[in-house]
Amino acid sequence: MNTKRLLLIDDDKELAELLTAFLGMHQYSVDCCFDGQSGLKQAISQSYDIILLDVMMPKLNGFEVLKALGDQHKTPVLMLTAKGDDNDRVLGLELGADDYLAKPFHHQELLARIKAILRRIAITQDLKNHPNAEQTLFINGVKLNHATHQVTCHTQAVELTSTEYQVLTILMQHQGEIVSKAQLSEQVLGRKLAPFDRSIDVHVSNIRRKLLPFSDTDKIKTIRGAGYIFLSGDLS
Amino acid sequence: MSLISIRRYLSSFKVKLFLWFWFITLTSIIVSRFITHQLLNDDNISIVAEQVNKEDLHFLNRIKAKLTQNSFAQIQNNYKRKKHRRTDLTLWTQLPSDRLNVEKLSPQRSHFNDIIKKHIQTRENDTTQSVIYSHTRITGPIPVIYQNQQTLLFVSKKMPRKTLQHFLKEMPLWLRLTIPLTISFALCWVLARSLSKPVLKMKEATLQIAQGDLSTRVTGLNTRQDELGGLARCFNQMADKLETNISAQQRLLGDVSHELRSPLTRLQMALALAQQKGEDQEQYFERCQKEINQLDEMIAHVLTLSRLENSFKPLNIASFSFTRLLKSIVSDQQLLAENKQVLIECNAHKDITIQGDSHLLSGAITNVLINAIKHTAKNSTIKIALIDNNHQLSLTISDSGNGVPEDALAKIFTAFYRVNSARDRETGGTGLGLAIAKQAITAHHGKIFAKNINQTNEHHQGLAVTIELPKNQVNQ
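Residue numbers (the working numbering), protein chains in the order written: chain A, 97 to 332; chain B, 560 to 1035.
It is worth saying that the hints were derived from the structure and are not from the lab. Using N, Cα and C, we set each Cβ at its ideal position, and we do this for glycine too.
Using C-beta positions, here's what the derived DEER-type ranges look like: (1) A/313 / B/849: 56 to 62 Å; (2) A/301 / B/806: 30 to 36 Å; (3) B/876 / A/205: 48 to 54 Å.
Make a model of the complete structure from these sequences and hints.
Following this line, the structure appears as structure tokens:
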């Protein structure tokens, strides 16, 4: 297994030290930044497999770093948050983070999340590199290009994060069928759906929000208590 | 349902007040009216004028002269024609043989006919005189011979209305009853409302506060000078205090939940590492120990701060020697200072006795001193200076550290404020020490502030924290 490069942006030096030691044991090479500003610089200038981002930091906080990174960045971000409020947790996802983990976390949980995100990236990479695989998916005006990882809606380009791309892919593969939140959670986030976990909802609402300006009708419908359904459009 | 609401309405403060006021007002009106009626029935009071009214006498003589040629009927006709001229004069006749036979000659209506008639009938002698009643002047008699008969002539003159009372007297009874009733009703209603309205306002505000809206204040009553205004002001004061206390509490709770998570996260990671490897195990267990100690310290600090911020516990004020307290604190922290090769130089020679809570003050000074030891450079000196300024003392603790950015000088006394979070974590502070010190000093009506020392020639710099304390605690 090759070593993955990981950027940790957290102002808690001691924790950074411990995390470096711990993740080092699991074949991750960790670079640390202790404030948002230097973290942002490092994230832009270097290429990493994943970024671990704390929220409460001097200079720039985690949310501001996320905003500065914008829709363009392709490096997945895992938020580490010590804030207790649910809204704060979800805010990270809305700003384009791939997942979040509340402090204090269990070390195995941290590893599992990192692995799930990396696996997701690997799948999309795989699709890109695989010439035989179905290159595009085109339903109801929405077109996914697995080769270039690009999404268009009525020929307009839409920027999605890798997690959002993954969610949309699964929904479109099951067009016209209900996909449950549990299924999405397992396939995309790589974990069982926990009660009160709103991650999937936030990802889906992000996709909706991003598709909205380019189409008149909602592409994704929420079925209360069941899950989500990607409408096949002309068939219905 | 409606019966209950009517009952509730009737038993309300406003209605009760109103009914009482009105009842009392009406009773007093009736009683006073009864008494005045009994005591001074001024309609029957008459004053005999010192001189006979010339005007009346002249009038009577004119009538007398006319009677020699004309009959009463003619005079009466004359009257009718000249009605507009002398409406205030009324002519009366009496037969001396039959004193009760009193006739009114002119037809003017008057409410006092009976009084005049009675006066003429019951007068004591036949001397011509003017008698003044409250609204009428009667002059007479003037003897005339009319149709061969001895007749006595009187004239009564209506006096101009002088008072409201006379005006009221001429009103019909129902109006006379309705007017005081209406006026007293209106006044009592306004009075009752002015008393019950603020109470209702206060009730609304209390209810809102009880429902958790702590920003509610009673408005519009602050300028009232009476007890209700005072109550409103006290209420607002209470709400202010509640709001600041609870918001401070909530802010602290929010900060604490965040701050406690940091050591917990480190603890979890350290444990994970300790579980994994053999060789470094000891080191990671030590780490765990350290984090647990910090958690413990933080919880203790949070409790102290919370108590101080909400002034749950009253100060335990007693006189004690501040100098001796300071010296004992310094010797307690000597060990910590020696670990860092720091020298503490204490300039406190004069024995100063002050009043205060020695336990709280000792905690405050210890926190400031520990803060100084943590941030001072290695092998440096911490200077403590105690100055006696008559009514207050001033204690300055200066370190030789890097100081604090000017804009952060005031903020270092707020809970969990960190000038540089990374540096503070190295020194292991909870971020609460100076906040506790500030609360303790404020509770003693003292002041605490920080200044950067900049002595460029010696390249000496650092932070000086000054505590100013009044020696006597005035009970407020």
